[in-house]
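Number of protein chains: 2
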Amino acid sequence: MSLGPLIKVARGEAPADLILARARIVNTFTGATERGNVAIYGGRIAGIGDYKEARETIDLGGRFLAPGLIDGHTHLESSLLHPTQYARAVLPRGTTSVVTDLHEIANVSGLSGMRYIRDWARRLPLDLFFMAPSCVPATGLETSGAEVTARDIRTVLRWKNVPGLGEMMDFPGIINGDEGVLEKVSLARGRVVDGHAPGLTGKELNAYVAAGIGSDHESIAWREGEEKLRRGLRLMIREGSSEKNLETLLPLVTDKTYKRCLFVVDDRTSADLVNQGDMDAIVRRAIRLGLDPIRAIQLATINPAEYFRLDGLGAVAPGYAANLIVLDDLHDFRPDLVYYRGRLVAQGGRALFKVPPIKGGGLTRTVHVSPFPIEALRIPAERKDDPVIEVVPGQIVTRKREPAARVSGGEVVADTGTDILKLVVVERHRATGNIGLGLVAGFGLKDGALASSVAHDSHNIVAVGANDRDLYAAVNGVEKMQGGLVAIRAGKVLAALPLPIAGLLSDAPLEEVNNRLESLETAAARLGCTLPAPFAVLSFLALPVIPELRLTDKGLVDVSAAPRLIAQTRLTENRPSPA
Amino acid sequence: MSLGPLIKVARGEAPADLILARARIVNTFTGATERGNVAIYGGRIAGIGDYKEARETIDLGGRFLAPGLIDGHTHLESSLLHPTQYARAVLPRGTTSVVTDLHEIANVSGLSGMRYIRDWARRLPLDLFFMAPSCVPATGLETSGAEVTARDIRTVLRWKNVPGLGEMMDFPGIINGDEGVLEKVSLARGRVVDGHAPGLTGKELNAYVAAGIGSDHESIAWREGEEKLRRGLRLMIREGSSEKNLETLLPLVTDKTYKRCLFVVDDRTSADLVNQGDMDAIVRRAIRLGLDPIRAIQLATINPAEYFRLDGLGAVAPGYAANLIVLDDLHDFRPDLVYYRGRLVAQGGRALFKVPPIKGGGLTRTVHVSPFPIEALRIPAERKDDPVIEVVPGQIVTRKREPAARVSGGEVVADTGTDILKLVVVERHRATGNIGLGLVAGFGLKDGALASSVAHDSHNIVAVGANDRDLYAAVNGVEKMQGGLVAIRAGKVLAALPLPIAGLLSDAPLEEVNNRLESLETAAARLGCTLPAPFAVLSFLALPVIPELRLTDKGLVDVSAAPRLIAQTRLTENRPSPA
Chain A
-9 MSLGPLIKVA
1 RGEAPADLIL
11 ARARIVNTFT
21 GATERGNVAI
31 YGGRIAGIGD
41 YKEARETIDL
51 GGRFLAPGLI
61 DGHTHLESSL
71 LHPTQYARAV
81 LPRGTTSVVT
91 DLHEIANVSG
101 LSGMRYIRDW
111 ARRLPLDLFF
121 MAPSCVPATG
131 LETSGAEVTA
141 RDIRTVLRWK
151 NVPGLGEMMD
161 FPGIINGDEG
171 VLEKVSLARG
181 RVVDGHAPGL
191 TGKELNAYVA
201 AGIGSDHESI
211 AWREGEEKLR
221 RGLRLMIREG
231 SSEKNLETLL
241 PLVTDKTYKR
251 CLFVVDDRTS
261 ADLVNQGDMD
271 AIVRRAIRLG
281 LDPIRAIQLA
291 TINPAEYFRL
301 DGLGAVAPGY
311 AANLIVLDDL
321 HDFRPDLVYY
331 RGRLVAQGGR
341 ALFKVPPIKG
351 GGLTRTVHVS
361 PFPIEALRIP
371 AERKDDPVIE
381 VVPGQIVTRK
391 REPAARVSGG
401 EVVADTGTDI
411 LKLVVVERHR
421 ATGNIGLGLV
431 AGFGLKDGAL
441 ASSVAHDSHN
451 IVAVGANDRD
461 LYAAVNGVEK
471 MQGGLVAIRA
481 GKVLAALPLP
491 IAGLLSDAPL
501 EEVNNRLESL
511 ETAAARLGCT
521 LPAPFAVLSF
531 LALPVIPELR
541 LTDKGLVDVS
551 AAPRLIAQTR
561 LTENRPSPA
Chain B
-9 MSLGPLIKVA
1 RGEAPADLIL
11 ARARIVNTFT
21 GATERGNVAI
31 YGGRIAGIGD
41 YKEARETIDL
51 GGRFLAPGLI
61 DGHTHLESSL
71 LHPTQYARAV
81 LPRGTTSVVT
91 DLHEIANVSG
101 LSGMRYIRDW
111 ARRLPLDLFF
121 MAPSCVPATG
131 LETSGAEVTA
141 RDIRTVLRWK
151 NVPGLGEMMD
161 FPGIINGDEG
171 VLEKVSLARG
181 RVVDGHAPGL
191 TGKELNAYVA
201 AGIGSDHESI
211 AWREGEEKLR
221 RGLRLMIREG
231 SSEKNLETLL
241 PLVTDKTYKR
251 CLFVVDDRTS
261 ADLVNQGDMD
271 AIVRRAIRLG
281 LDPIRAIQLA
291 TINPAEYFRL
301 DGLGAVAPGY
311 AANLIVLDDL
321 HDFRPDLVYY
331 RGRLVAQGGR
341 ALFKVPPIKG
351 GGLTRTVHVS
361 PFPIEALRIP
371 AERKDDPVIE
381 VVPGQIVTRK
391 REPAARVSGG
401 EVVADTGTDI
411 LKLVVVERHR
421 ATGNIGLGLV
431 AGFGLKDGAL
441 ASSVAHDSHN
451 IVAVGANDRD
461 LYAAVNGVEK
471 MQGGLVAIRA
481 GKVLAALPLP
491 IAGLLSDAPL
501 EEVNNRLESL
511 ETAAARLGCT
521 LPAPFAVLSF
531 LALPVIPELR
541 LTDKGLVDVS
551 AAPRLIAQTR
561 LTENRPSPA
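Chains as they are written, first to last, in my numbering: chain A, -9 to 569; chain B, -9 to 569.
If you are wondering where the hints come from, they were derived from the structure by calculation, not from laboratory data.
Incorrect hints may have been included.
Intra- or inter-copy, both count: the list cannot distinguish identical chains.
Unchecked claim - With a cut-off of at most 25 angstroms between alpha-carbon atoms, the simulated SDA-like pairs for lysine to any residue come out as follows:
1) K(-2) / R554
2) K246 / I277
3) K246 / W212
4) K470 / D142
Based on the sequences and whatever the hints tell you, model everything.
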């Protein structure tokens, strides 16, 4: 856009498109509020002052006006929502910009998955920024659907709206000087490089930071966050559906450090987005925990904008995008009006924009399972001494528990009495026939099985169950839907949510996704499940980059110092990919 | 440099080049200090911790270790020093990085002037960053030696070490939507654009900021600085040789604003650099005025680094450049050891590096004056009602004083009794024959004349004098030297400093420049001059972008709302440029 007309409006010599009059403006530069009229032209803020002439004037009557919220790190696929529906979920919450790392869809469909999201994003009243996924696949310990090579990263870094390289989960690769990993970081020189370094400390942390990593969102302890801040990483304080670190890390936000801190969501389910909120929920909770409201807003606006170099976002100031929220009370932070580029897109928690009908493009039919008999789910008795994966409620780390298998009829079987259930991961990209088998504690199922094609990072089919028959039906149910979530009892579907887009995203409206998710959780609870969000927990059990013990299609993985397979899958057959 | 070896040192698995042991490290991220050993490899910091193995270890015994200072805005030509000698002056003061706007040399020699500095800079142990000059010439109200076109700016923006566009002095051009000016700003989209907007407020300030300007260093009042901060400009707090704004603006630096503030020098004479210091002098004074020492250091290190996006500068942290200073006392801030990329380059105020001998390249012989008779300096009696330029001590603004000319023999003459002296500006780039004539109050000369080829922004020859004979000799003296400063009495040279490089820079060592400057100031004082730095004052009298009244080769300029010529030069002749 040419600057001339905007400048003319700023000078007060041409009418604005819109004036938000009598606003109490939250100034994220000075941490104060000021009163004034905000003139908007061509989607941007022209000025703050006594502007009067506009095609439309809204009298805010002293309500607060703040910049739209910016989520500095999220995987939007975690919502299971198509981008259009994701926008419907987050915009009414005041989120107008999202920095997303399309790690999940890239693991299934590579660059074409990313292009799919990018192209839809262009049609939405939401700024989507993409970090080039650095670790697809994150490790060789599971089978992914695609690889994002250094060459692909170079391509993505040339796209618009790409601030840099996404979370470098392969911190062992960095620390060990793996040339391939370092090459990827080097490609992003002069750009932002996000980190992911759970528990890293001392010289290993030095080594990781020395490579040029700029942030971390994996701190779960005060001491860990403090050291990472000290070494120069931006502290991304995460409060998602699975990981909640706000209360622990908030004391790190002081007069001296707050500009190096930001709030992020990382992973948030569709239900949480609708029922609790998005970034607004974090801001609200931070304020309730004692953070100054304007500072809380800064951590969700100007701070991510500065870190990611999102020019023109994060403040109510001349030349900035008119991404704005209006609210009544800074302490009970509830965005009412939401403007995107000067256009009212949500009010009172409701989206006001229409979205185009969803089409799957080339991303449907991505589930390719090699046919297998139910006997392939048997765990031979000789594996009775394998450790058990133990779920840690409210966290994505797991514990490695001492062996506790029940053996019956020459095989290891689920034991609902001691809550040691069977866990199965079936490779679903290349029909290799890989099936990982293990045991998990913490779900509480007394009967039936749950299965999902959302299984970080490679998104094979993961299933937990009380018996093989239901496990088998659950995996088959996911395959039949070409991706999705399912709850099974006695071989029958109790509830299901199809995710036909890459096996990750629904093509249904937000409301339907939530209804089906609720049905799934009700079904799981009826099966005896004691976890509040069993499918989210399930989705992380195959993630071999977070300690301590995981199951992938290749086998049981011990994710300690040097992640390794401790019980390898016996491959039933190994066919080439049908693609 | 490959990252692998640095990472190995960071892990403690390979020896460092240098360990600075038992340091008390100033952490510019957290605003605190911490104790540790700093391992350096390949000019970069590998890590902080209990590192022990290195080719060289320096035991700091608990002395403070801070990042090298970064000057976010300066015109190095103001020192009159060649870059090699400038480096000798500032490095012992702890300045290891300088963001310079080569506005002066570009006004004389355009891109070739900038290339000259850039190419010398590569040979120095100092980071020089260049802002592409946005306003060469700044106005059409004087004759410059060169023009920097939009095309040139595009070229410079592609150079390495160019963070963006230099101070946009043509704020009227921006506010009035001048297409040529806006084009230049647009070229720097996504980069840093420095501002220069003395006194701008309200809607005009909105208009200026809306164009994408990011900073301002011209605030001279609390209220002005406060408004600029509020509108989103970084507040560059200037403390130079001519303008001293630190004391006035320091109260603006609070817990809520300090990250948006930085210290800059803008213009500092060689004598001040040697006798008072560079950025260290500002930091010292800020601390004396009550600013927390670590915060003062932040305003001179990490804050400019973040604003200009100078990755890897401004902190003692893994991966950062080993640009470091060592000092004993944070309150009496006096850098002792200075490291550049891990190499000791100064100690105890002395430079330890050798510089190559200075060569003028193609930049000598830039003074081209059309021959003129002494009568050309006469001011006809009919101009007796012209206003008088009044010097404001310690500031570069001037006042427009009521007419006060003494008329004698049919012409306006200097009057030492009322301290109304004659001011002359002789065009010296294209031998146009332009001679601007006017009156100035505040120098106090009782006899003789002073002349200089340093005359912002176009650097024509400016002279102030008590009589025409000495004025004439002074201008001729500068021409003969092909640039420089001179003090004249009775037609004879009392003292002189040749500036053969573009008429702006000396080819002599720092010490000689200072000795000669001192002689010049002594000579001026003997002539009755009451100003402490008369040549600096003189150099700003032709600057038609700062209020209120100026003299250029084209005539007397009223620099109020819309700068205009109020008494135009009668051109004696108008020959084409000899170039």
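To see whether the hints hold, each was checked on the structure:
no.: 1; hint: K(-2) / R554; result: between (63 angstroms within a copy, 23 angstroms between copies)
no.: 2; hint: K246 / I277; result: both (18 angstroms within a copy, 17 angstroms between copies)
no.: 3; hint: K246 / W212; result: both (16 angstroms within a copy, 23 angstroms between copies)
no.: 4; hint: K470 / D142; result: neither (32 angstroms within a copy, 62 angstroms between copies)
The structure does not agree with numbered hint 4 stated previously, though it agrees with all others.
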